[in-house]
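> Knowing the structure of chain A, use the given hints to seat chain B on it.
Protein chains in written order, with the numbering used here: chain A, 85 to 373; chain B, -9 to 238.
Because the hints were derived from the structure by calculation, they are not lab data. Since the model is a prediction, treat every value here as computed from it, not as a measurement. Note that beta-carbon positions come from the ideal geometry of N, C-alpha and C, so glycine has one too. Worth double-checking, as some hints may not be accurate.
[Stated by the list, open to error] A short, non-exhaustive set of chain B residues, derived as facing chain A with CB atoms under 8 Å: (1) 66; (2) 69; (3) 81; (4) 83; (5) 97.
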Amino acid sequence: MLNSLKRFHWLDYVILALLIVATVTIVARIEGALNYDWRWEKIPNYIFRYKESEDRWVANLLMQGLVSTVRISIYAGFLALILGVILGVARCSTNLTVRMLARTYLEFLRNVPPVVVIFIFFFFLSEQLIVALNMESWARGIARQEDNAIWTFLFGDMRRFPSLISGVIVLALFESAFVGEIVRAGIQSIGVGQREAARSIGMSQLQEMRFIILPQALRKVLPPLANQFISLVKDSSLVSLISVQELTFKTVELVASTRLIFEAWLVAAAFYFVICFGLSLLFRRLEKR
Amino acid sequence: MSARDEMITVSNVDKFYGNFQALSEVSLSVSQGERVVICGPSGSGKSTLIRCMNGLEFHSSGSIIVDGISVEEGSKQLKTLRQEVGMVFQQFNLFPHLTILENLTIGPIQVRKIAKAEAERLARQYLERVHIPEQADKYPAQLSGGQQQRVAIARSLCMETRIMLFDEPTSALDPEMINEVLDVMVELADTGITMVCVTHEMGFARKVADTMVFMEAGRIVEVAEPEKFFTNPESERCKLFLGQILEH
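Next up, chain A with everything else stripped away, as it sits in the complex (with noise of 0.2 Å):
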């Protein structure tokens, strides 16, 4: 039974006969119809560049736009978990006021689109921040000294340092509701046993939740928690509408200048498969030990 399921059956070939014609039907239609000039030659020299004045090979648009998207995703996946237990805890709480704020975070970004939603941060929340903060001057005078090697690897080019910071802190806004989410399923598939045994030894609840339950809790929901970080790397593009300069953003930005249209969406989304794919692949082999 199991060994018929990874054999080819006649109508597997048919089926896979279908898809081939439609996509040979496609591409002719793109090449034929909309007379469209594959310059595939010109796409490597848009993800590296060699730079004559210097002479070495620098990143170009799209890897700068990918380590952009790489940094964004990580700073952004540990402040949504940061924010996301907070929220998930407070769902729990024994305190209305407390549960009331959570749920209504909640159900605000559940019932909205995300574009708006992240509009929305972006405008009320994350552009005050900036300003009240003076972060602007403050990168510009680190953008200005000569040893910031450290700053430039962790945030790359300090100039644009308050649009990373913003696309960061919306995109973990964004996400710690449905992290929230994770963490509340997990707080409360832990047995009401394991709170009585901590409160009869005597702790608070702080403490109960701190040392007993969310470590258990957290423990039952990695899982859940790393798909959520491949959605996180997938919504990152959603920032690119408040110029968060990120993977999407410059492929816009190349395709406006160079009219290289399927070409440039194809690398970008084949460097968005490489990274959600290959942390797919990682997260299982993970969970298996």
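Only chain B this time, still in chain A's reference frame:
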């Protein structure tokens, strides 16, 4: 014994779950060092009564005073109270993500604020007392039920409590493991700690109890010394119950 030796005083306690009355007009006093065994048919309120003694649940009216502290919902003294009162559960409730040693030391370190080395010394001493010092670095899931329950007893002892509550400690165990737990409890009884124990193990009760309590339908029906309780109980209901569980 005189009133000043009283460790637990339950007076006129009622407890409701919605419309269901789990405890009605329960009064009981336990003096220091006394060993009380509570028995009765299931649903008679035995567990509810001892869970009210350390504030895992709260009574609806009447009063419960444990070691001078009144047990009330939201009381600031609850934490102090729980440090005085250890509890052993039917389902052990060990912390599965911590090793045996960590299960024993987390209370002393986090709640009693004892130094780690001292807490570990204490933990090993109590593991010795429950006869499983060699299991210190394992996780609860690697132990048998009987061993887990002994760890749970040691965990409570590590808090150096003066009162121990047992909520059917052997009911979830395979028959061959019951004795190893009861043996530890008998040894514990000899140390002079105050014990309140809900159990159906009548052999154990006969061996250690100073006072037997029989409950039915949320009321205390009979309180007697074991000798009298087992040979000549006053109430018919108690006779019937003892007949049923002692028969075979």
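> Determine for every hint whether it applies to the structure shown.
Hints, one by one, checked against the model:
A hinted interface residue such as residue 66 of chain B counts as satisfied when its beta carbon comes closer than 8 Å to some beta carbon of chain A; here the least separation is about 11 Å, so the hint is violated. The criterion of a C-beta within 8 Å of any C-beta in chain A is met by residue 69 of chain B, whose closest approach is roughly 5 Å, and the hint holds. The criterion of a C-beta within 8 Å of any C-beta in chain A is met by residue 81 of chain B, whose closest approach is roughly 5 Å, and the hint holds. A hinted interface residue such as residue 83 of chain B counts as satisfied when its beta carbon comes closer than 8 Å to some beta carbon of chain A; here the least separation is about 4 Å, so the hint holds.
Interface hint at residue 97 of chain B: satisfied, since its Cβ lies 4 Å from the closest Cβ of chain A, which is below the 8 Å cut-off.
In terms of the numbered hints stated before, the structure departs from hint 1 and from no other.
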